[in-house]
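Enquirer: With chain A held as given, fit chain B onto it using these hints.
Sequence order for the protein chains is A and B.
Using this note's numbering, you'd call the opening residue of the first sequence number 3 and step up by one each time.
Using this note's numbering, you'd call the opening residue of the second sequence number 3 and step up by one each time.
Where hints are given, some of them may not hold.
To be verified - Under 8 Å between C-beta atoms, here's a sample of chain A residues computed to sit facing chain B:
id: 1; residue: E9
id: 2; residue: L11
id: 3; residue: D13
id: 4; residue: E20
id: 5; residue: V47
id: 6; residue: V49
id: 7; residue: A67
id: 8; residue: L100
id: 9; residue: G102
id: 10; residue: G112
id: 11; residue: H148
id: 12; residue: A151
id: 13; residue: V159
id: 14; residue: S165
id: 15; residue: T168
id: 16; residue: E169
Since the hints were derived computationally from the structure, they do not count as laboratory data.
Built from N, CA and C at the ideal position, the CB exists for glycine as well.
Number of protein chains: 2
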Amino acid sequence: MKVKRSERLIDMTHYLMEHPRELVSLTFFADRFQSAKSSISEDLVIVKETFELRGVGTLQTVPGAAGGVKYIPGIKRKHAEELIGSLRTNVSHSDRLLPGGYLFMTDILGDIHLMNHVGKLFAAAFADQEIDMIMTVATKGIGIAHAAARYLGVPVVVARRDSKVTEGSTVSINYVSGSSKRIQTMVLSKRSIAQGARVLIVDDFMRAGGTAAGMINLLEEFSAKAVGVGIFIESEYSEERLVDNWISLLNLTGVDEKGKTIQVKTGNYFDKVQSFLDDKK
Amino acid sequence: MKVKRSERLIDMTHYLMEHPRELVSLTFFADRFQSAKSSISEDLVIVKETFELRGVGTLQTVPGAAGGVKYIPGIKRKHAEELIGSLRTNVSHSDRLLPGGYLFMTDILGDIHLMNHVGKLFAAAFADQEIDMIMTVATKGIGIAHAAARYLGVPVVVARRDSKVTEGSTVSINYVSGSSKRIQTMVLSKRSIAQGARVLIVDDFMRAGGTAAGMINLLEEFSAKAVGVGIFIESEYSEERLVDNWISLLNLTGVDEKGKTIQVKTGNYFDKVQSFLDDKK
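This is chain A alone, in the form it adopts within the complex (with noise of 0.2 Å):
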């Protein structure tokens, strides 16, 4: 039976939605919805505008016989400055202030409405990239790294300290903490990276980068290749950081365990961001 267009489209989002940069072909749509191929294109026009109006990605459509539509998520630049903003404030609450200066972030690394936004941001700033999985270090940046992944519609894997049992076999390297000069050890199952694989790289912190360097000569292991490093949180760092090139979200600027107060400013996210959804228009 054919399909009511206003339940084609409620339909179309949320597939398009559970699949993003996923190449969906016309004939696709047109059996699910027993319709006509021309009124799947009119379908399809009215998504697109509603996404790039609303703010919430694309649609690109892909010519020829093995073509079809990819919904590539996206943010409007006033939105992204809202949501970092609103991390900001967050991240700088002085509850935060751990003895010793540290931060504590776990409840926003665990709040699935922060992680989408986090995954939206790096999703649009990484949209013009192909990219083949995310990766990231046990254990915080897991939560980063399922939230990019779920907007960028690729696997995750995750580095560990230690080698377990179930990883069978491993690669494993030695490298040294940038800040704290410590020798660690970073491991990654061996049928985790598949050769020449286009790699993200996503962690929830970074000062001297010697973790995300790390990460980087671990995917070499692999023959595999860093396509970008993304940050929630960097922290100033007066030497010469160890990575060339990242974006972050976040960058803490000062902690005064003292006066009780932690400075934050936006990381170089709109520095690094090449486009946003309303530069189209």
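Expert: Structure of chain B alone, referenced to chain A:
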């Protein structure tokens, strides 16, 4: 400017999917779309019918001045059977066999599409429960926890094996792992769970149930309550389990290292889950 129905339906679908189990007032949508509440009500009927027909969930209407709608993710029995069936085929693959009879599952736990399926299955299983948060233990359950959290709209807390300075003050318990009889430690940040919270426990694997029982005990330290236990794959176990009630997607009945076979059957999911979307029709 008044927004057309087609655009309203697309944006409503998007909004509801990003805010599962959250009460959204009609006024919110009426303001967002500059439309009359009567039109919004009509839209919501169409969305509800489509969601139910397509088997992605339902809309619950809360009447009265403080009322509105909630999107409750759900699943049809047939679809649940398909998803669990394909997970079963995937897990049974002899490639997964590691020395010692362990199973390699890291790729599954990092596959965002499979994790979405797992999240949906758990969200549907616990759809009738009031849930404040999801708890798991590092590291392998974290992807499952975030997937379930996405469809249940609640935060994730992660218990750790060791205490880290960035967790602040912590509560720790010792427990006996049921199958290996080893004493293990589990640590949770003091500020991670509110008193009286209703918590869904999830994990990737369960044998005797020692880890799940440990999490339940740890929750008691917070005067919080475990409202359910969701397990990706349980393993056949001849003695009494250390937990009373759990829902599993898969059941590992045997591993033959020499013959290189893995026997997996469907878990107790269909015995335990009370209702599916198609039951209502």
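Enquirer: So, for every hint listed, does it hold in this structure?
Expert: Checked hints:
Taken as an interface hint, A:E9 checks out: its beta carbon lies about 5 Å from the nearest beta carbon of chain B, inside 8 Å. Below 8 Å, beta-carbon pairs count as interface contacts, and A:L11 has one with chain B at about 5 Å; its hint therefore holds. For A:D13, the interface hint holds, since its Cβ comes within 8 Å of a Cβ in chain B; the closest pair sits about 5 Å apart. Hint status for A:E20 relative to chain B: holds, with the closest Cβ pair at about 7 Å, below 8 Å.
Among the interface hints, the one on A:V47 is violated; its C-beta lies about 10 Å from the nearest C-beta in chain B, farther than the 8 Å criterion. At a threshold of 8 Å, the smallest CB-CB gap from A:V49 to chain B is about 6 Å, leaving the interface hint in force. For A:A67, the suggested interface contact is broken, since its CB lies about 25 Å from the closest CB of chain B, more than 8 Å. Because the closest C-beta pair between A:L100 and chain B is about 5 Å apart, less than 8 Å, the hint holds.
A cut of 8 Å between beta carbons decides the hint on A:G102: the least distance to chain B is about 6 Å, and the hint holds. At about 4 Å, the closest approach between the beta carbon of A:G112 and any beta carbon in chain B falls short of 8 Å, and the interface hint on this residue holds. For the restraint placing A:H148 at the interface with chain B, the shortest Cβ-Cβ distance is roughly 4 Å, inside the 8 Å limit, so the hint holds. For A:A151, the interface hint holds, since its Cβ comes within 8 Å of a Cβ in chain B; the closest pair sits about 4 Å apart.
Because the beta carbon of A:V159 sits about 6 Å from the nearest beta carbon in chain B, less than 8 Å, this interface hint is met. This hint is violated: A:S165 has a C-beta 12 Å from the nearest C-beta of chain B, more than the 8 Å allowed. The beta carbon of A:T168 comes within 5 Å of a beta carbon in chain B, closer than 8 Å, and the hint placing it at the interface holds. Interface hint at A:E169: satisfied, since its Cβ lies 6 Å from the closest Cβ of chain B, which is below the 8 Å cut-off.
In summary, the numbered hints that this structure violates are 5, 7 and 14.
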